[in-house]
Amino acid sequence: MLILGIDTTCDDTAAGVVEDGHNVHSNVIASQHVAHERFGGIVPVIAAREHTKNISYIVHAALDEAGVTFQDLDAVAVSHHQGLLLSLVVGVSAAKSIALACDIPLVGIHHLEGHIYSNLMGRDGELAFPFLCLTVAGGHTLLLKIEDHGQYTLLGHTRDDAAGEVFDKVARQLGLGYPGGPAVERLAAEGNPKAYTFPRPLINQPHFEFSFSGLKTAVLQTIENEPNANKADLCASFQQAVIDVLVTKTMRVARAHELDCIALAGGVALNMPLRKQLESAATKQGYRTFAPPLKLCMDNGAMVAGAGYFLYQHRGKDALTIEAKANAPLGESGLRYRPATKYR
Amino acid sequence: MSILLIDTSGAYSTVAVAQDGDLLGFGTLKGRPAARIHEQIRTLLPPVGITLPDVDTIGVITGPGSWTGLNIGVTAAKTLALVLKKPLIPIATLDALVAPHSWTQGPVCAIMNAGRGRYYSASYASNGQGQLDLQSGHLTVSGIEALMESLLLEEGTPLVVEYGSTFGELVSHCAGAICHKSQVRLWPDGIVAAALQSTPLHREKIMSLTPTYLQATLAERNANL
Amino acid sequence: MRLYLARPFGCLFQFISSSPEQTQALGAWIGAKLPQASVVGLDGSLGAGKTCMVQGIVRGLGSPKGTLIVSPAYNLVQEYNTGTRNFVHIDFYRLDQLSVSDTLLFTEIFERPDTVMLVEWASKFLHSLVPGFLSIKLSYGPSFSARCIQVTGVGEASAYSTLLASLPYYEHPPD
Numbered sequence: 079m080l081i082l083g084i085d086t087t088c089d090d091t092a093a094g095v096v097e098d099g100h101n102v103h104s105n106v107i108a109s110q111h112v113a114h115e116r117f118g119g120i121v122p123v124i125a126a127r128e129h130t131k132n133i134s135y136i137v138h139a140a141l142d143e144a145g146v147t148f149q150d151l152d153a154v155a156v157s158h159h160q161g162l163l164l165s166l167v168v169g170v171s172a173a174k175s176i177a178l179a180c181d182i183p184l185v186g187i188h189h190l191e192g193h194i195y196s197n198l199m200g201r202d203g204e205l206a207f208p209f210l211c212l213t214v215a216g217g218h219t220l221l222l223k224i225e226d227h228g229q230y231t232l233l234g235h236t237r238d239d240a241a242g243e244v245f246d247k248v249a250r251q252l253g254l255g256y257p258g259g260p261a262v263e264r265l266a267a268e269g270n271p272k273a274y275t276f277p278r279p280l281i282n283q284p285h286f287e288f289s290f291s292g293l294k295t296a297v298l299q300t301i302e303n304e305p306n307a308n309k310a311d312l313c314a315s316f317q318q319a320v321i322d323v324l325v326t327k328t329m330r331v332a333r334a335h336e337l338d339c340i341a342l343a344g345g346v347a348l349n350m351p352l353r354k355q356l357e358s359a360a361t362k363q364g365y366r367t368f369a370p371p372l373k374l375c376m377d378n379g380a381m382v383a384g385a386g387y388f389l390y391q392h393r394g395k396d397a398l399t400i401e402a403k404a405n406a407p408l409g410e411s412g413l414r415y416r417p418a419t420k421y422r
Numbered sequence: 134m135s136i137l138l139i140d141t142s143g144a145y146s147t148v149a150v151a152q153d154g155d156l157l158g159f160g161t162l163k164g165r166p167a168a169r170i171h172e173q174i175r176t177l178l179p180p181v182g183i184t185l186p187d188v189d190t191i192g193v194i195t196g197p198g199s200w201t202g203l204n205i206g207v208t209a210a211k212t213l214a215l216v217l218k219k220p221l222i223p224i225a226t227l228d229a230l231v232a233p234h235s236w237t238q239g240p241v242c243a244i245m246n247a248g249r250g251r252y253y254s255a256s257y258a259s260n261g262q263g264q265l266d267l268q269s270g271h272l273t274v275s276g277i278e279a280l281m282e283s284l285l286l287e288e289g290t291p292l293v294v295e296y297g298s299t300f301g302e303l304v305s306h307c308a309g310a311i312c313h314k315s316q317v318r319l320w321p322d323g324i325v326a327a328a329l330q331s332t333p334l335h336r337e338k339i340m341s342l343t344p345t346y347l348q349a350t351l352a353e354r355n356a357n358l
Numbered sequence: 011m012r013l014y015l016a017r018p019f020g021c022l023f024q025f026i027s028s029s030p031e032q033t034q035a036l037g038a039w040i041g042a043k044l045p046q047a048s049v050v051g052l053d054g055s056l057g058a059g060k061t062c063m064v065q066g067i068v069r070g071l072g073s074p075k076g077t078l079i080v081s082p083a084y085n086l087v088q089e090y091n092t093g094t095r096n097f098v099h100i101d102f103y104r105l106d107q108l109s110v111s112d113t114l115l116f117t118e119i120f121e122r123p124d125t126v127m128l129v130e131w132a133s134k135f136l137h138s139l140v141p142g143f144l145s146i147k148l149s150y151g152p153s154f155s156a157r158c159i160q161v162t163g164v165g166e167a168s169a170y171s172t173l174l175a176s177l178p179y180y181e182h183p184p185d
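Chains as they are written, first to last, in my numbering: chain A, 79 to 422; chain B, 134 to 358; chain C, 11 to 185.
No lab work stands behind these hints, which were simulated from the structure alone. Quick caveat: nothing in here was measured; it's all calculated off a predicted structure. Glycine included, every Cβ here is placed at the ideal spot set by N, Cα and C. Careful, some of the hints might be misleading.
To be verified - If you only want the chain C side, here are some residues facing chain B, beta carbon under 10 Å, derived:
| no. | residue |
| --- | --- |
| 1 | Val110 |
| 2 | Ser111 |
| 3 | Thr113 |
| 4 | Leu114 |
| 5 | Leu115 |
| 6 | Thr117 |
| 7 | Glu118 |
| 8 | Glu121 |
| 9 | Pro141 |
Please work from the sequences and hints to get the whole structure.
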């Protein structure tokens, strides 16, 4: 079953073609794609949040790269929940037009389902339900128990800033550019993670919530107070503080809920020290860890096509009337990863 | 020649089908409307006896108007055109607003509200047989006086304005005003008439099509001060 | 809670908050006084307590305790409904410039009726998007956890005058 996945959740326009939820034929992201040669010398302005301008180029590039046409598609999947509304509506509108014109099923997924399912893609049966998923990205820091297809329980979340966002802010303050995660990681590799003692907020608390705002303030005040500080040491010490909190809390929640498979998802899952340290902590416990291939970590279309495949098998197609929503419940359990809603 | 038309520029969304310039059918929906246009298209076509692949051309209102709505409509139309390999006709909102009122020879102006005391306007010359030529472009101006000045309105010039209480003063200024007394901004016959006068785009241009944002934003105005 | 107020000139109010809890309490107090439709801009360096102030304002708007307000730095816009009030939390942090479509996007959001707009990093673009707004500036204060908070109006007075008039004015209390 050949599925086209479209993601226009926030800044980037992305599309990918995936076969049977496992075999990624193409995965095109506007900000990383050089499309001008493909389109007869016309240089599409590839800019953030210019989804209406980008969408046709990106969808065609995804089909071309996969060597297929619209007529070969069996379904079209789109992230229609969670993100920036004006961005989401463009992807949803394009996906509906394709479904209507090709007479194929439309599958709407929650953006976070894309990240979760990026762990199941290409791993037939290896990762079984239930498992724990640590989703760390620019806008999210979540600990989710994945019970079954479409069924999630929220075990922990951030009270303020997301982990990825703190990476970006520290990078920006140090003049390392955007996105900050990879830049901090590169510099941290040359630094001493014990040079500075930054706080590990809530690390000793028995609950599974995160808070990164205090750590952010501590790092930024150090940058301000010590203009000649070694940037590599700062990055290494900061990165280690984030990893310590993420790994400690994840292991604690895994033990408490007896989940011996731990999956990592989201843009921060690109961070190699995080992957390695989570893996070694898990191995000590006899647990197993999973992380998606690097290309499926950032916001992308292939993960949407992958999630679309599994969720289409599970809950069928959606009507053409589905609407884009900036805040939306996740899954059938009605779990609301929705700010302004009480969890407890 | 059959044409499928989409308008998501206002508080209502309209889809219409026309054959050789005659309207075959249309549907209009209110309230968070743009999200439902695909469903509207799906339900509109069978009763008029046309299937989607039979449609020869697709037309879409490209603006000005609701920014979210226009992005939905334009994306829907360009994707349909590219998948079905049909030409796409971009239609300006003011052209469609004025089109049903173009059957007397002479000048005619169209005005719509842009919010915060600003107006979109355009003046046309009509040949009396439905042919309209744009005279002074599509403009955004602030305030009624600037509007009257920019249009060089003479006594008796027909003026087509969209429905809305803000136009009461304007209409009283101008003897020949036709107030479009409907909350649906554009009539389907106007969209059809405007589509027939616009030039279809082909593949490369369809790919890069975006809504028109004829709106001097505060940011632009501040930059000009 | 003890607030030290001074009114140095015009209609500028200055508060010294000694803890995040105090900042939140001041926010709640401002939030309770906000008209149905109002725009509040927040400025201050990273860690100065903008999100903390927003959490307070939201409590003052009538949302239940325990309501989770997370940073919208990534998604740019986060919409909420507390049951009685609508509010939108916007963060310009990540944006260095507004493209034309960004401007139109935000313009459309600011045209929404009966909504309270809370905008972080307001000084970047807010003046070009709305005619006037209530400005809250936070800066690091005399001690590690203390913050200096300035409340003032920017642009067209109609946008904030009712609110500023309702702020109390009293002398520096004797210790």
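For each hint, the structure was consulted:
Among the interface hints, the one on C/Val110 holds; its C-beta lies about 6 Å from the nearest C-beta in chain B, closer than the 10 Å criterion. A hinted interface residue such as C/Ser111 counts as satisfied when its beta carbon comes closer than 10 Å to some beta carbon of chain B; here the least separation is about 8 Å, so the hint holds. The criterion of a C-beta within 10 Å of any C-beta in chain B is met by C/Thr113, whose closest approach is roughly 5 Å, and the hint holds. At about 4 Å, the closest approach between the beta carbon of C/Leu114 and any beta carbon in chain B falls short of 10 Å, and the interface hint on this residue holds.
Interface hint at C/Leu115: satisfied, since its Cβ lies 7 Å from the closest Cβ of chain B, which is below the 10 Å cut-off. Evaluation of the C/Thr117 hint against chain B yields a held restraint, the C-beta minimum of about 6 Å falling below 10 Å. For the restraint placing C/Glu118 at the interface with chain B, the shortest Cβ-Cβ distance is roughly 5 Å, inside the 10 Å limit, so the hint holds. The interface hint given for C/Glu121 holds, since its Cβ lies 6 Å from the closest Cβ of chain B, which is under the 10 Å cut-off.
With its C-beta approaching chain B no nearer than about 7 Å, C/Pro141 sits inside the 10 Å limit, and its interface hint holds.
Hint violations for this structure: none, all hints satisfied.
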